[in-house]
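If you're matching them up, the sequences are chains A and B in order. Here our numbering is used: the first residue of the first sequence is 193, the next is one more, and so on. Here our numbering is used: the first residue of the second sequence is 1309, the next is one more, and so on.
Bear in mind the hints are in silico, worked out from the structure with no lab data behind them. Keep in mind the model is a prediction, meaning the values are calculated, not measured. Heads up, some of the hints might be wrong.
[Claimed, not checked] Partial list, derived from the structure: chain B residues whose beta carbon lies under 10 Å from chain A:
#1 S1342
#2 P1346
#3 E1582
Cβ atoms here follow ideal geometry from the backbone N, Cα and C, with glycine treated the same way.
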Amino acid sequence: MRRRRSLWNKVFRPALGRAYVRIKGGNREPSWVLWEIILPMIMIASVIWAYEHLGAPPIFRGFVILGGAMMSYWYNVLWGMGRTLYWEKETGNLELFLLSDSKLPGLLLGMAFGGMFNTSIRSIAVIIMGVYFFNAEFNIDSLPIALAIFFLTLVALYGLGLGLSGLHIVYGRMGVRINEALDEPIMFLSGQYYPISTFPLLVQYIAGLIPLAVGLDGVRRALLLGEGLDTLYIHVVALAVMMVVFYFLGIRMLNRLVEKGKRDGRLILRWM
Amino acid sequence: MDVVRWLRRFWAAVWLTWKEQSNWTKPYIYILYSMITPFFSVLVYAYIYVAIAFFSGLVDLERAYYLVTGVSLYNFIGSGLYGLIWTIHSEREHFRTLKYTYLAFPSLHLYLMARSFFHFILGAIYAFIMFLAGIVLTGYPIDALQPNIMEIAILMILGYIWSSQLGVMVAGTSIFSSEYGPLISEAVGGILFLAGAVLYPVSTLPPFIQPISYIFPMVEWMELMRHALNPAYVVSEPNSLYLILALKTFLYLVISIIYFSIIERLTRRKGYLEATLYH
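Same shape as in the complex, but just chain A (with noise of 0.2 Å):
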């Protein structure tokens, strides 16, 4: 009972502090919102117009919207744990985190929790506003399995930002930059404007290792061509075990950074 209090008061109360912070500072201003949908938007309708340049077939609007859609995940979940962290080491509030009682695990659960809720209220509206402008058709019958191949994403993506993030705290600046090199390979490697199966058998072996590629394949073959469990479970199972295995390595490298960065005294080290 003891126990399970403390992990409440250490891990899952800061998330929520944290989420809040994120989620009303993320949205307190409505004119935000709108240009954090419009802007992504401008990326989507130029691909979508690409494809029609090249007479493409019209579910590749789908794929496109999709693909913009679920692309803000990995830049606001999983670079968001470890980009507000950097922030919060910048203006000092880090060095009060990690003299609290309170897990670094759970502040960046809620960093994330508030990056999932901030991005998906962005991403419904590109959803929409792709149905609505460019007459993108998804499969709804399939939207129980979408969603949860889209949940499972999120999670591994939550685990393998643990990891990630502690980059930011020790090398500060360096880890900005790795961050920025690593987007736009992901957003080959994860598919952003087509399907994976056009890569050659290497490269999708490469993807699949990502948790995003394999979840937008999915979420991708169940919105735009209906498959069901009987073809998907394979994706499921894939993320599942990402899930497991990205928590616990992610867990294992924020604290060996985190040591390192105690041992080298580079937690309060700023404009670095």
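We have chain A; now place chain B onto it with these hints.
Quick look at chain B alone, frame taken from chain A:
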């Protein structure tokens, strides 16, 4: 006018940008790091063409050339533009050095242009790598290209002038808003990508968006660059396009000088050089 002194100042700002961007790392590490983004970026967009070819068997090398050149050349404009506009945001909000820069450097307009120069150089390198990678990936015959180096050089200079002036105007506007500064820069870059004949011709756009394309010199610049890289790419009346591009570039230069001087005066009066929101 002391040209040597002017160039020394310009060089100092370029050097500062290099140091900041490379995070004081070794040049070869930064060069390797810099190659990752353009290489994968061209894969992202060139694969749009590959995906279509894969699914429907449609192979249209002219359209592949259009796509690859557009994405590659956009890097030159986009990299410089973003770099310039972000200077205001990062110096004022992040490093809080904008007010010192303003005191130390005789002209903020010139300083912004110098800070963006590094990004334009980087953008040109990106464009070159992406172009080669994209051409190979889409299977466009390299031997069909007959680049006109002189024409490309002139167009690069014109591109630097108009896009840096556009960047100066946007950066000047962003001084008034810490909250919206980065969003404004993203929006301008996005509109150029959408309406600047990057992935498709302007005629593909819905009619209500098409007039936006002609506000910017991007369409003429893109078309002429495509023609300069490969004379087989036919543009109607290249001389008229050159004339329009030169006129628009001149107009951007004049408007930016006037606009920025007004902005600068207002900024000083309202004390916005050190107004931070800590975001």
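Evaluation of the provided hints:
no.	hint	result
1	S1342	9 Å, holds
2	P1346	8 Å, holds
3	E1582	17 Å, violated
Violated hint: 3 only; the structure is consistent with all others.
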